[in-house]
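In terms of the numbering used here, the sequence shown opens at residue 6 and continues consecutively.
Calculated from the structure, these hints are not laboratory results.
Misleading hints may appear alongside valid ones.
[Stated by the list, open to error] In silico EDC-like pairs for lysine to aspartate or glutamate, Cα to Cα no more than 20 angstroms straight-line:
1) K192 <-> E202
2) K192 <-> E175
3) K169 <-> D236
4) K169 <-> E251
5) K169 <-> E133
6) K169 <-> E114
7) K169 <-> E159
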Amino acid sequence: MRVALFATCVNDALHPSTAIATVRLLERLGVEVDFPAAQSCCGQPQFNTGYRRACEPLLRRTARAFAGYDHVVTPSGSCAAMVRDNYPRIGARAAAEGRGTALADLAGELAPRMYELTEFLTDVLGVEDVGAYFPHPVTYHPSCHGLRVLGLGERPLRLLRAVKGLELAELPGADECCGFGGTFAVKNPAVSAAMAEDKIRNALATGARVLCGADNSCLLHLGGTLRRRGDALRPLHLAEILASTESDPWTPGEELG
6 MRVALFATCV NDALHPSTAI ATVRLLERLG VEVDFPAAQS CCGQPQFNTG
56 YRRACEPLLR RTARAFAGYD HVVTPSGSCA AMVRDNYPRI GARAAAEGRG
106 TALADLAGEL APRMYELTEF LTDVLGVEDV GAYFPHPVTY HPSCHGLRVL
156 GLGERPLRLL RAVKGLELAE LPGADECCGF GGTFAVKNPA VSAAMAEDKI
206 RNALATGARV LCGADNSCLL HLGGTLRRRG DALRPLHLAE ILASTESDPW
256 TPGEELG
């Protein structure tokens, strides 16, 4: 099985520990992971802002970077959804405009091989207990792309419930958007901030010490709100929790105590 890591822009620039944790986790499970250096942005910011044609070179680059791998794994539901849901739309539109089927062919070849991390663990590897140890109270925020586009459902929660020592607290209003939404947070900052406050208030009510998610873009947004408020609740990507073991705890940042 040849597996490639799609790290994503946010993780590469701001949260490299998540990409490292993903590799560490997969290798512990016996997966050989490559990192194609030609990978870059998937084009989601351009697509969401309406610059659909500007995404086409990025579609080509992404498809070529990950050609030949059995599976492509990413610790980002939003980027996985971009490739699986929107790349075929871009290809279909190019074909409908009489510009040939090359883009559609590239999208159709890549999309079925792209997996969000929790999908890959549960659906491809067939595991839920990954041997993780994380003795802290945690609550989980499902991001919109993972929840609504990919349909991740209970996959992340099943993985968290199997972590030794972890206390999982149900998040009230879990299915509500955190307010990030990519460019939405830029175009509608007041609404975005109010939505983040609602999410943080619900997370604090659980008594958890860690706010877990599977998309660092959402956690970046919520983490900024937490820092401004001075709250101790710590945002942390699911991959970093699953990478932690009793003999080798994953502590790339501040200690949780």
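Next on the checklist: I'd like to know which numbered hints this structure contradicts. Please list them from smallest to largest.
Outcome noted: 2, 3, 6
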